[in-house]
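K.L.:
Chain residues, written in single-letter form:
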Amino acid sequence: MGARIVPFAGYEMPLEYAGILGEHGAVRSSAGVFDVSHMAQFRAFGFGAFEFLQGVLTNDLSVIARVGEAQYTLLCDEDGGIIDDLIVYHSGDLEYMIVANAANRVVDWEWLVSHCPGDLELVHETVRTGDVSECTVEFVDESDRTAMIALQGPRALDVLGELTPDGYVPPVRFELGEAFLGGVPALVSRTGYTGEDGVEILTHVSRASAIWRMLLSFPEVTPCGLGARDTLRLEMGYPLHGADMDRGVDPVSARLDWAVSKSKGGFVGRDAIERVRAEGPARVLSGIVVDEGIPRPGFPILRGGNEVGKVASGTFSPTLGRGIATAYLPTQLAEEGARLEVSIRKKTVSATVAKPPFVRETSLSARQA
Amino acid sequence: MYPSDLKYHKEHEWVRVEGDVAVIGISHFAQDQLGEVVYVDLPSEGDEVTADETFGEIESVKSVSELYSPVTGEIVEVNSALDDAPETVNEDPYGEGWMIKVKMADSSEIDVLLSAEDYEAFIEDEA
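The listed protein sequences correspond, in order, to chains A and B. According to this note's numbering, the residues represented by the first sequence are 1005 to 1373, in order. According to this note's numbering, the residues represented by the second sequence are -19 to 107, in order.
Calculated from the structure, these hints are not laboratory results. A hint or two may mislead.
What the hints assert, rightly or not - Between beta-carbon pairs, the in silico distance windows are:
#1 1149(A) <-> 92(B): 57 to 63 Å
#2 56(B) <-> 1365(A): 41 to 47 Å
#3 1246(A) <-> 25(B): 41 to 47 Å
#4 43(B) <-> 1310(A): 27 to 33 Å
#5 1347(A) <-> 85(B): 30 to 36 Å
#6 1343(A) <-> 13(B): 32 to 38 Å
#7 1343(A) <-> 65(B): 24 to 30 Å
All C-beta atoms in this analysis are idealised placements derived from N, C-alpha and C, irrespective of residue type, glycine included.
Start from the sequences, fold in the hints, and give me the full structure.
P.N.:
Here's what the structure looks like:
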């Protein structure tokens, strides 16, 4: 398809097809599709599945009590450091599916397996043998067999409607349901990473190209690469693990405290996160809009000539036509409207602290209004 | 793709000589390699540029490249239209997408630049 290909997390990924700006615009105004099959999928099943995950994930899993509901959540270490950000689905009775970042697949898996509570037995066998007195959870890495295609944009649901049987009711935001797309069985999740309405479609890898081709048969659908995925998510201020947060930061500093339960019982990292919450974070992830130029990751951020932080994520916003960035800033400087400077190679340019999303009018914000 | 009335620098800039003034932009090959141009950082009128040294930067969404001056001299005009329409560099690299005009200090610098034919052979080797 004439894509520019780049290596990413061990996969060969399309950076762009016809061009990042056109792809970005297509998602904001019509619809785009992204092959995000590199994302990792784990499935936990059994009477022990809930307790297993409730003890390691930061958000309260009991909130998604009904099958089909999904939740953004974090995996933290004992110090509150963010190992990964995830979406967890109540995918079936006694069953949860986790979608994780490709680059963290092995780390997440090993962390989860090694933090299974002692009174639960983690099993992999198909036929249950051994001590029947143990409450079990079956935990499976399904990443290699699971393909994932994101269909995003104001026209995404129209396209989905065309491919599904009459009377099909798509899931509501942050819910998951089974669907047959042109007869192909798939899971459809009303989620995304673009700020537009849309879905993420999960299916077996052998069925993915059929769905991809069906989606692209619609003239309103544009194939999109990682480049547009990054500009779209950054315009919304959606964090990217590895750029905006990692094990060196806690959820409060990353402004992800909303994904940490304040009421549920113990989970890994709780005490450390509560300490930061009580004391207040020294630095917080903030949005920045520059007056000129394009801030790139690692560029110094200055205040009165002194470095106060570095760009975490930075790019050109196609919607705004200017450079946008995120950075950890000292809490007292992270006031919306505060003036700073960004050092862009040989130049120092003025910048303003902004509260993400950088782009507020999208098909998703219209729907939620 | 490579007009024969222009001279080319190995860093992919072109020069059109108009009397003692050199009009400078980037080649079709350069704009194609960069992809969609979203920002061009140019110097100001009156600034001095030196042959083979950088005079500005050009950025796509994902990459940054430096712009090299093929000649030495004083900038007499800057294409400020590129501030609002950087994509002109992709659409019309040899016309509306020009970048700076330089009053040359030494017009013999033009002689060491590549002809269209030589430049085309050069980029074929590079590719």
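K.L.:
A separate judgement is required for each hint: does it hold in the structure or not?
P.N.:
The hints, checked one at a time:
no. : hint                          : result
1   : 1149(A) <-> 92(B): 57 to 63 Å : holds, 60 Å
2   : 56(B) <-> 1365(A): 41 to 47 Å : holds, 43 Å
3   : 1246(A) <-> 25(B): 41 to 47 Å : holds, 43 Å
4   : 43(B) <-> 1310(A): 27 to 33 Å : holds, 30 Å
5   : 1347(A) <-> 85(B): 30 to 36 Å : holds, 32 Å
6   : 1343(A) <-> 13(B): 32 to 38 Å : holds, 36 Å
7   : 1343(A) <-> 65(B): 24 to 30 Å : holds, 28 Å
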